[in-house]
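Student: These are the residues of each chain, in order.
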Amino acid sequence: MSSPAETRTFPGAQAPDRTRRHNANGIELAVYEWGKESDQPLFLVHGGSDFARTMDVFAPLLAAGGWRVVSWDHRGHGASDHAALYGWDADIRDALSVMSSVTDGPAPVVGHSKGGAVMLQLCDGSPYRVSKMVNIDGMPSKRRMPDVPDHDQSRMLANEVGGWLDFRHEAAESIRKPGTLEQLAERRGRMNPRLSKEWLEYLVTVGAQHDEDGWRWTLDPSMRFGGFGPWRPEWSALRMAALPVPFLGFLGTIDEPMGWGARERDVRPWLPAGGRLEVLDGIGHFIHIEEPALVAGKVLEFLS
Amino acid sequence: MNVISTVNLKHNRITLALHKVQEGTGRPLLLLHGLGEDATRMASIDVKWAGPVWALDFTGHGRSTVPKGGGYSCEILMADVDVALRHIGEATVLGRGIGAYVAFLISGARPQLVKGAVLTDGPGLAGGPVHVSSTSEIADSPRSGTAPDPWALIELSRDARPATYALTFLRLAMNGTTLDDPIAACCRVTPPWLEAINAEPGVANGMSVQEALDMYAAVN
Chain S
1 MSSPAETRTF PGAQAPDRTR RHNANGIELA VYEWGKESDQ PLFLVHGGSD
51 FARTMDVFAP LLAAGGWRVV SWDHRGHGAS DHAALYGWDA DIRDALSVMS
101 SVTDGPAPVV GHSKGGAVML QLCDGSPYRV SKMVNIDGMP SKRRMPDVPD
151 HDQSRMLANE VGGWLDFRHE AAESIRKPGT LEQLAERRGR MNPRLSKEWL
201 EYLVTVGAQH DEDGWRWTLD PSMRFGGFGP WRPEWSALRM AALPVPFLGF
251 LGTIDEPMGW GARERDVRPW LPAGGRLEVL DGIGHFIHIE EPALVAGKVL
301 EFLS
Chain C
1 MNVISTVNLK HNRITLALHK VQEGTGRPLL LLHGLGEDAT RMASIDVKWA
51 GPVWALDFTG HGRSTVPKGG GYSCEILMAD VDVALRHIGE ATVLGRGIGA
101 YVAFLISGAR PQLVKGAVLT DGPGLAGGPV HVSSTSEIAD SPRSGTAPDP
151 WALIELSRDA RPATYALTFL RLAMNGTTLD DPIAACCRVT PPWLEAINAE
201 PGVANGMSVQ EALDMYAAVN
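So the sequences go chain by chain: S and C. Everything in the first sequence is counted per the working numbering, starting at 1 for the first residue and increasing by one. Everything in the second sequence is counted per the working numbering, starting at 1 for the first residue and increasing by one.
Bear in mind the hints are in silico, worked out from the structure with no lab data behind them. The reader is advised that the hints may include incorrect statements.
As the list claims (entries may be wrong) - Here are a few chain S residues that face chain C, going by a calculated C-beta distance under 7 Å:
hint, residue
1, His-22
2, Tyr-86
3, Gly-87
4, Ala-158
5, Leu-165
6, Ala-172
7, Arg-176
8, Gly-179
9, Thr-180
10, Met-223
11, Gly-227
Claimed, not checked - Far from chain S, by Cβ distances over 12 Å, these chain C residues were calculated:
hint, residue
12, Gln-22
13, Arg-63
14, Thr-65
15, Gly-89
16, Gln-112
17, Asp-121
18, Glu-200
19, Ala-217
Quick reminder that beta carbons are idealized off the backbone N, C-alpha and C, glycines included.
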């Protein structure tokens, strides 16, 4: 018999006020809301490998500012369905589907990391769905290994492509390794070295599943991030430069494993007209988790 | 050629249908169909090949699984082909339309396994834009669950194929192959990705499909 799942609390963390399932073209997505249902909607979009409940401190701060904060676990993430296929277009389509379940009108979006980049593209293709945009360290950087010779880059790519294809053969059988609550927090800590043990253990209790043999992260093990593809960062830069809505971007200055490594000098030339960039010294990629009150305050001011 | 037998192969959560359409001795030929088509279209192609001939249904096409909610890319189709190659071994690949682009990709990704990729005209050859574009998103599919998957048609018809990406895969093919020309471009249509590689070493052009197949049949 499995032992009851442990729980943790974290200062300021609040469970969503409402949760539901949303069918996005056959993929069931877990949707979370903080704040009054009668308030104006604001969409909060998590990054790759993340999940919506990582906003348990940040989202309530935005909701307290008078917004109905809606977030969801992307396909393959958190409590949403694992899919057969994953792709940028599919993520955008899933986002639109969730957004349409709340409003057909324009609404502000706040995206972190990959969630911010996905929203850049959504806004570029469907500007009538976005009223204002906040991007938290999900802005494009054109930097790519300038010190690696071309022939070595080819060899690295060959290994990357071959490794990805090999992985695809085994993906169906892969399952996440179980562990104790503390072990899962420690694993996550390798990707989030700046976040506290207390917070990471809280995340396990709201974002992992508790099985007979222990806790498991729910991120689909058949997904593999990074690697190769036709996408070019300059495309995102061009999209960002042409954004037709008010824009606020945040950058931290400390590199982290899950960060994009974008620097102020990379980003500033591509800001849209009138766009603002806040560079927060001494903060890593998870700016809204490290400094939730500071970031929420600036976002609320921007949205007002 | 008619379907003689079909094997079902697992590619993650997809079951791929790989059809044998000709018995033979020697190196196999693998046929890759165009966007929105299926293996039966390729099986009707009029070419001569001494070895066994196989035709693959890509994900979302023919008798392969139609997944929920889309998420297609040409790289996923390339992985479909890799699963097929693991079953049939070293092969020459003949692709039509999007199958031509995928044949090209797999020749770069698995240059030791692909003994020549023959590219021919067909649906999905061009792909999407090669630069930034504003494409309105479509939130809902008019139908789902049947092949060809509408999400495959939508997503793969705007799959980005910048020239630099194509050149990178050509370089991978050249680095790993023993062939002088691992690619034979037998297309009349030359979208930008194909134009980018056409003039490069390693790409034979001006041949008929049969001439290209004969060239690859003659190499060990």
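Student: Each hint needs a verdict: does it hold in this structure or not?
Tutor: Do the hints match the structure? See the list:
Evaluation of the His-22 of chain S hint against chain C yields a violated restraint, the C-beta minimum of about 12 Å exceeding 7 Å. Hint status for Tyr-86 of chain S: holds, given a least beta-carbon distance of 5 Å to chain C, under 7 Å. For Gly-87 of chain S, the interface hint holds, since its Cβ comes within 7 Å of a Cβ in chain C; the closest pair sits about 4 Å apart. For the restraint placing Ala-158 of chain S at the interface with chain C, the shortest Cβ-Cβ distance is roughly 5 Å, inside the 7 Å limit, so the hint holds.
Of the supplied interface hints, the one on Leu-165 of chain S holds, with its beta-carbon coming within about 5 Å of a beta-carbon of chain C, less than 7 Å. Here the hint on Ala-172 of chain S is kept, as its CB sits about 5 Å from the closest CB of chain C, short of 7 Å. About 15 Å separates the beta-carbon of Arg-176 of chain S from the nearest beta-carbon of chain C, more than 7 Å, and the hint is not met. Annotation: interface hint on Gly-179 of chain S violated; nearest CB of chain C at approximately 24 Å, more than 7 Å.
The interface hint given for Thr-180 of chain S is violated, since its Cβ lies 29 Å from the closest Cβ of chain C, which is over the 7 Å cut-off. Because the closest C-beta pair between Met-223 of chain S and chain C is about 10 Å apart, greater than 7 Å, the hint is violated. With 7 Å as the threshold, the beta carbon of Gly-227 of chain S stays out of range of chain C, its nearest partner Cβ sitting at about 9 Å, so the hint is violated. Every beta carbon of chain S lies more than 12 Å from that of Gln-22 of chain C, the smallest distance being close to 26 Å; the non-interface claim holds.
Interface exclusion of Arg-63 of chain C from chain S stands, the closest Cβ pair being 16 Å apart, more than 12 Å. Non-interface call for Thr-65 of chain C relative to chain S: violated, since the shortest CB-CB distance, roughly 7 Å, does not exceed 12 Å. A cut-off of 12 Å between C-beta atoms confirms that Gly-89 of chain C is not in contact with chain S; the least separation is 15 Å. With a cut of 12 Å on Cβ distances, Gln-112 of chain C falls inside the contact zone with chain S, its closest approach being about 10 Å.
With a minimum CB-CB distance of about 21 Å to chain S, Asp-121 of chain C clears the 12 Å threshold, and the non-interface call stands. With a closest Cβ-Cβ approach of about 14 Å to chain S, Glu-200 of chain C is found to remain outside the 12 Å limit, as its non-interface label requires. Its beta-carbon lying about 26 Å from the closest one in chain S, Ala-217 of chain C satisfies the requirement of being farther than 12 Å from that chain.
This entry does not satisfy hints 1, 7, 8, 9, 10, 11, 14 and 16, going by the numbered hints stated previously.
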